[in-house]
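A.B. asks: Residue numbers (my numbering), protein chains in the order written: chain A, 1 to 324; chain B, 1 to 324; chain C, 1 to 324.
The set of hints was computed from the structure by calculation and includes no laboratory data. It is possible that some hints are incorrect.
In this list, chains with the same sequence are indistinguishable; a pair is considered to hold if it fits within one copy or across any two.
[What the hints assert, rightly or not] Straight line, CA to CA, 25 Å or less: simulated SDA-like cross-link-like pairs of lysine to any residue:
(1) K74 x V89
(2) K54 x L320
(3) K285 x F319
(4) K108 x S46
(5) K112 x K128
(6) K54 x R321
(7) K152 x I125
(8) K197 x K249
(9) K152 x A94
(10) K285 x L320
(11) K108 x N175
(12) K44 x Y55
(13) K112 x K122
(14) K16 x P78
(15) K300 x N323
(16) K54 x V136
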Amino acid sequence: MSNPFFLNKGPISLIKVYEFLKITNQKKRDFNFYDIKDLYSADKKSITFFHSKKYKEVAKSTKALFCLTSELLKDFLPKTCEPIIVSNVLTAVASITEKFYPYSVEDKFDNKVLNIENRDYKGVIHGKNVLIGENVKIGTNCLIGHNTIIEKNVEIGDNCSIGSNTIIRNSIIKNNVIILDNCIIGKKGFGFFPNNKKNLRYPHIGIVIINEDCEIGCGATIDRGSMSNTEIGKNTFLDNQIHIAHNVKIGENTIIAGQVGIAGSSIIGNNVRIGGQAGISGHLKIGNNVDIAGGSGVIKDIPDNSRVMGYPAKNLRKFLRENK
Amino acid sequence: MSNPFFLNKGPISLIKVYEFLKITNQKKRDFNFYDIKDLYSADKKSITFFHSKKYKEVAKSTKALFCLTSELLKDFLPKTCEPIIVSNVLTAVASITEKFYPYSVEDKFDNKVLNIENRDYKGVIHGKNVLIGENVKIGTNCLIGHNTIIEKNVEIGDNCSIGSNTIIRNSIIKNNVIILDNCIIGKKGFGFFPNNKKNLRYPHIGIVIINEDCEIGCGATIDRGSMSNTEIGKNTFLDNQIHIAHNVKIGENTIIAGQVGIAGSSIIGNNVRIGGQAGISGHLKIGNNVDIAGGSGVIKDIPDNSRVMGYPAKNLRKFLRENK
Amino acid sequence: MSNPFFLNKGPISLIKVYEFLKITNQKKRDFNFYDIKDLYSADKKSITFFHSKKYKEVAKSTKALFCLTSELLKDFLPKTCEPIIVSNVLTAVASITEKFYPYSVEDKFDNKVLNIENRDYKGVIHGKNVLIGENVKIGTNCLIGHNTIIEKNVEIGDNCSIGSNTIIRNSIIKNNVIILDNCIIGKKGFGFFPNNKKNLRYPHIGIVIINEDCEIGCGATIDRGSMSNTEIGKNTFLDNQIHIAHNVKIGENTIIAGQVGIAGSSIIGNNVRIGGQAGISGHLKIGNNVDIAGGSGVIKDIPDNSRVMGYPAKNLRKFLRENK
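Let the hints inform the model, and build the full structure from the sequences given.
C.D. replies: Below you can see the structure in the form of structure tokens.
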């Protein structure tokens, strides 16, 4: 995936892929992969993966020449794409992604930070004990509060105000963004392959992008993406204690009240309002101009211009009528 | 609003008010406003505002001589009160309040804090890296944990224990209060006027008042009020990860379990018990001696001595009978 | 209770017990108590307590020779066990436990910490401003992030990674555990005896035990136990913003998504999956291999191998059928 922060260690040869996955029954040919990408975005130079029937239509037209998949799914692939059969597709994806992006699996603290006085950020007004890692850009007219840590791989635009006790890494923050105290932005998401004895880590090569004029309340956790980015649109405001999981995309002019949680890979439209403590399950699509009442639990897609309430969330009027 | 911390920059003349609001069709008279107050508390020296029919009864008897309002509402005002017609009442209120209280809109970190060793708090037992802003009073026999920041405009009583990594500003903490780690107390609330392209900030001239013998758990966010204070009554205990929004008032001897959220301007009585993860919508009145079961979503007022459960919360027995 | 951290100040004589509880109508005999234990675990050298009819079967066979109880319950005790009648059993328990374990009631910040450079932890890779208290052991190959505070009474195994801005006290962390940023682990739980004017503190002599290969997400609060430990089993993963109350036991290979809360003394099995924002009431038993859907509110025990959803949580299929 293209982003400025996670260095791609490719190319990786087909022979190496077989070796990493302990595949021994294959003819050893010469071929180089330059990246690992999903079925939509893969090109001839990247290895792709196909792990669920849900993606069979996309699979049919993938441009990739090689695809990690299973016996059950391989026949959906076009003739131009050679299946590499593995027993667990996602584990294989994790393994190969880690080879391309070795620093994306774990989230050790950044031990190369320096006190901001020892770095060259003369235009920044900052508090005490501010620590800055490598590869951090900060625009003009920015404020950074006390004890805040900007770890490696962060770009902050102009006129931003970052609170105290906040930690940011692997993120792009655009102009005029306000981030309040105690936030954790850009850590890896809660993605792994459950495994008795010892769960397997899933790489997180996505970043967090917060667009212009947003406000992020106190105590937010916004995780970076695994295979895509986590992104918050312009002029979207988040209240306190909100959790945004990996790969979530939120539109513009959206307002999210306190203690809301949005699970992984869900997409929220523009001009959406989400009441306090509402929860949104993973992999959903919430349209534009949607109102979700406080406390709702959303477990399916919601079309544009809807007003919903309840657990599971349904039409607002219907819910109120049924729950007098 | 009267509180010791936000300096009133008034008086502001009627001519200036017209100018700020770009009202040009009015006769320019000489009149001075000394404050902006709501319909209930406004006197002859303050400008008031009337933005919703809900307040028509109060409007009828306001003592203010001038009121920001709309064409639709102006006829509810008494003859003694002259309407100042604006297209968006709340935006006008925000604009004028900002003129009276220019420092109440944003929450930049306090860059005038000093390490506590460089201030005169000899009786305080404190941890490492404690930072204290201007206009901070601390009573006798207090503890302040490591990395805690007491920003400007805070009064702490006697025998208080503040944890580590906590941030407090614009607050009055009475005697014998315990505040645990990682709390954020006194930041501005989540109040603004939604506006495509760029939301407008709403001033927050209220403070947080925590009365005697309270305990506030780890990770609490307690926002200061906008036009009134946020207040927690004596001997009320809050568990971890609780969010209390702006203008909320909580009574005495109340017990609130983990992860509860209370939305803006709600009033909670004395001897109330709120179970974990319950949510209370904004602008509600919860009576005395009320029990709210964990996980409930309260969306309407609850009378004294009630036991409720559910989402929406209803009589406890009814809910349990219906949900066997 | 036996744990390595809270020093037992016993023995305490029967005469002293009468004195502490202001019991004056008893013959003064010579007898020494070496600990206070619950009905199950008490032996002849410890004082026990019996405060609810729920425990009458256990009471009948207690080995203790003396028991704090009430007039109403005393007749369930065996003849070998002499009742010590008090008006409020739990208040009496709190009072006597505090005599045995005087440092277990409050959670003042640890003011004996030193910067890690001034302690002898040469193998630890650590960030800036790391503070370490007394009686802290750290294994080999560990990382500790910036501004993290390890207060007194902590054991950390080998190969652990602790994030930044995290606070740990009174805890045992086994090998290969990852704890992310902004966590508060080992503080006293939300246990006290409600009392008008001034709530009474309940002692917390338990600790937190986190077993091998666990991961704890950002912003977790894991409280230590009151009369038993809080414990998390091997290879269990917690997402962000989770609250685990005192005395909770969680099994192995369990996965808990963001913003979940588990109330005091509940027991969660192995291989359990709990979706985001779910809440589990106190004193429940959740079996092995249970799936709890996101947003659920669990208010009763759940047997092994169940899948539940809803508030209150019920069979998943039933809930979905009823809520189409």
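A.B. asks: Of the hints given before, which are not true for this structure?
C.D. replies: The structure conflicts with hints 4, 16, although it agrees with all the remaining ones.
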